[in-house]
Every structure is written in structure tokens, then in C-alpha cells.
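Chemist: Based on the provided sequences and hints, a complete structural model is requested.
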Amino acid sequence: MGERLTKAYKVIGDTIVINRELTELDYFLRDFLKVLIKYSDYLVVSGFVSISTGRTRGTEDIDVLSPLINKELFSKFFNDMEKNNFWCYQGDSSDNVYSYLEELNSIRFAKKDQIFPNIEFIPINEKRKVKFFEFSHPQKIKVKNFEFKIPPIEFEILYKEILLGSEKDKQDAMHLRTFFSEILKKERFKEFELIIKGELK
Amino acid sequence: MKEMDYVIFYAKEMNKHPEFFNSQKKLIESQIKSSISLFKLMFGKNFKLNARHYLNQRGLIKIGGINNE
Numbered sequence: 006m007g008e009r010l011t012k013a014y015k016v017i018g019d020t021i022v023i024n025r026e027l028t029e030l031d032y033f034l035r036d037f038l039k040v041l042i043k044y045s046d047y048l049v050v051s052g053f054v055s056i057s058t059g060r061t062r063g064t065e066d067i068d069v070l071s072p073l074i075n076k077e078l079f080s081k082f083f084n085d086m087e088k089n090n091f092w093c094y095q096g097d098s099s100d101n102v103y104s105y106l107e108e109l110n111s112i113r114f115a116k117k118d119q120i121f122p123n124i125e126f127i128p129i130n131e132k133r134k135v136k137f138f139e140f141s142h143p144q145k146i147k148v149k150n151f152e153f154k155i156p157p158i159e160f161e162i163l164y165k166e167i168l169l170g171s172e173k174d175k176q177d178a179m180h181l182r183t184f185f186s187e188i189l190k191k192e193r194f195k196e197f198e199l200i201i202k203g204e205l206k
Numbered sequence: 492m493k494e495m496d497y498v499i500f501y502a503k504e505m506n507k508h509p510e511f512f513n514s515q516k517k518l519i520e521s522q523i524k525s526s527i528s529l530f531k532l533m534f535g536k537n538f539k540l541n542a543r544h545y546l547n548q549r550g551l552i553k554i555g556g557i558n559n560e
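So the sequence lines, in the order shown, correspond to chains S and C. For what it's worth, this note's numbering labels the leading residue of the first sequence as 6, then goes sequentially. For what it's worth, this note's numbering labels the leading residue of the second sequence as 492, then goes sequentially.
Derived from the structure by calculation, the hints contain no laboratory data. Check each hint, because a few of them may be wrong.
[As the list claims (entries may be wrong)] Straight-line distance between alpha carbons at most 35 angstroms, and here's what the computed DSBU-like set of lysine-lysine pairs gives:
| no. | chain 1 | residue 1 | chain 2 | residue 2 |
| --- | --- | --- | --- | --- |
| 1 | S | K149 | S | K190 |
| 2 | S | K43 | S | K117 |
| 3 | S | K149 | C | K493 |
| 4 | C | K539 | S | K147 |
| 5 | S | K39 | C | K524 |
| 6 | C | K503 | S | K149 |
| 7 | S | K175 | C | K531 |
| 8 | S | K43 | S | K190 |
| 9 | S | K147 | C | K524 |
| 10 | C | K493 | S | K173 |
| 11 | S | K12 | C | K517 |
| 12 | C | K516 | S | K175 |
| 13 | S | K12 | C | K516 |
| 14 | C | K517 | S | K15 |
| 15 | S | K81 | C | K553 |
Modeler: In C-alpha cells:
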């Protein structure tokens, strides 16, 4: 991608730079990712992608995809989360909580003495084809000095329109279609549509 | 104006006027602040225990089973 300037965002190299201040929601995600990246990789998906690019609506959680790691590594991550002032909805023992992940079920983390906002931590592996695809094709996005990874915008739009499909999801998708209209690419929509529709078969 | 028309209108305006992000920031932070106060008041000193009970009752988590969609 070349450099294009608009008032609300610009694309510099392969990074979308959003022209806004950090919010408490960004700080919350940043604190979480700071710990996570010591142990595994990630992709921030769904509602936060729309919200971080200006969609004005309430939110309770931030969805984060992360490849399934082994039990020992997860235990270190889990303990580090506690040291960093997070608690896990599903339990205080990393062994017990790991049983959720092994079944590819999500777990949730919030700051101590808080419920919202929370991170929905979604384990993935190659069996989850669509999620693994988006994870493998990250788009960098930056707000001030906070850089993180999201799916390609075209992918996020189609995922919300085709697979999720609630009114809220359609509105999120429309926000992205409108806000990023200058940089969206038709050929990427075609490519991603095939992958996403494959999930429906 | 339908809700979707509002979404389109707002996204276009947001693109032209990044200062709109400031009101979005206020909304987000006010929601977080209210939520923190409300649940601290609701769950008190045994926060985790009470919170898990509350979340379990509402089907948001299933302790001892697996249901977190």
C-alpha cells in the first residue's frame, strides 16, 4: 500500500494509522497484549476493529484470536496475567482453565475487581480454517504509539456480513465499508469471499 | 433517519472530522467508568466469587462445564 492521507487515517507502508487519541479501552488491550506477546501471537478481531476506527457504540469485550499453546507455556502466561492485575472468569488454576482451551473454547480476562471490559481469548489452530486464515494475514494498525494486528479490513467486513450477520455486525461492517472506502480493494473481497463462504459448506 | 443511514452518515463525517473521535472517547470511557462503579458496588469484597456466580447465572460462563459463547 502506498501513502494516502485523509483526515481521520492514513496508510503508511503496510500500516493503517488512525488519527485519534488513545482511550481507556486501548490501554486495557495494550496491557493485555504486552503480556500475551511474551508467550504467543495474536489477532484482534470483530467489534474492536470497528470501534478502534470510529464506530461509536458501546462494547463489553475485545475478541483476541491466539494459537493454542502447550500447557506449560499457558501456565506461565496465566501466572503472568495475574501478576499484571488480570483475573480469568473461568478460574484461578491454570490447569483447570487450560481444559477450556484444549477443547478450543474461549476464556475471558478482565482487570482485577472488574468485569467489563474483558478480553475474549479465543484459541485457534489450523482446524479452525477461517480464523486461522485471518490470523495468518494480519493488517497492522496504529493509534499514537500503540500498534496492533487486525484482519484485513475486507475480510473483517465479509466475516461480519456473511458469517455473523446480526444487525450490530451489519452496522459494524457498513461503518468499515464507509470509513475505509478509499482503500478497499474489490479483488480482495473476491478472494476472501470464497474463503468465508467455504465455512458455510 | 434509519439506524444504518446514521452509521453511514457518521462514518463519512468521522472520516472528514477526526475531532469526532473525542466524543467517541468520552462515550467509551464513561461506559467503562460506570461499569467499574456498578460491579464494585454489586460484588463488594468477594468480587471474583460473586462475579463468577453472577456470570454463571446469566449463562456467560459455565464453571465446571464448557460454555463460553
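Chemist: Please go over all the hints and tell whether each is borne out by the structure.
Modeler: Outcome of the hint check:
At roughly 26 angstroms between alpha-carbon atoms, S:K149 and S:K190 fall within 35 angstroms of each other, so this suggested pair holds. For a cut-off of 35 angstroms, the pair hint linking S:K43 to S:K117 stands: about 21 angstroms separates their Cα positions. Restraint check for S:K149 and C:K493: the C-alpha separation of about 34 angstroms stays at or below 35 angstroms, so the hint holds. Taken as a hint, the C:K539 and S:K147 pair is honoured in the structure, with Cα atoms around 34 angstroms apart against an allowance of 35 angstroms.
Using a Cα cut-off of 35 angstroms, the hinted pair S:K39 and C:K524 holds, with the two alpha carbons roughly 23 angstroms apart. Between C:K503 and S:K149 the CA atoms are separated by roughly 22 angstroms; this keeps the pair inside 35 angstroms, and the hint holds. For the hint linking S:K175 to C:K531, the alpha-carbon distance of about 34 angstroms falls within 35 angstroms, and the restraint holds. Between S:K43 and S:K190 the CA atoms are separated by roughly 34 angstroms; this keeps the pair inside 35 angstroms, and the hint holds.
Distance restraint check for S:K147 and C:K524: the Cα-Cα separation of roughly 25 angstroms lies within the 35 angstroms cut-off, and the hinted pair is therefore satisfied. About 13 angstroms separates the Cα atoms of C:K493 and S:K173, which keeps this hinted pair within 35 angstroms; it holds. A hinted pair counts as satisfied when its Cα atoms are at most 35 angstroms apart, and S:K12 with C:K517 qualifies at roughly 20 angstroms. A hinted pair counts as satisfied when its Cα atoms are at most 35 angstroms apart, and C:K516 with S:K175 qualifies at roughly 22 angstroms.
Our distance criterion of 35 angstroms between C-alpha atoms is met by S:K12 and C:K516, whose separation comes to about 17 angstroms. Annotation: proposed proximity of C:K517 to S:K15 holds, straight-line Cα distance about 23 angstroms (limit 35 angstroms). For the proposed pair S:K81 and C:K553, the alpha carbon gap of about 24 angstroms is at most 35 angstroms, so the pair holds.
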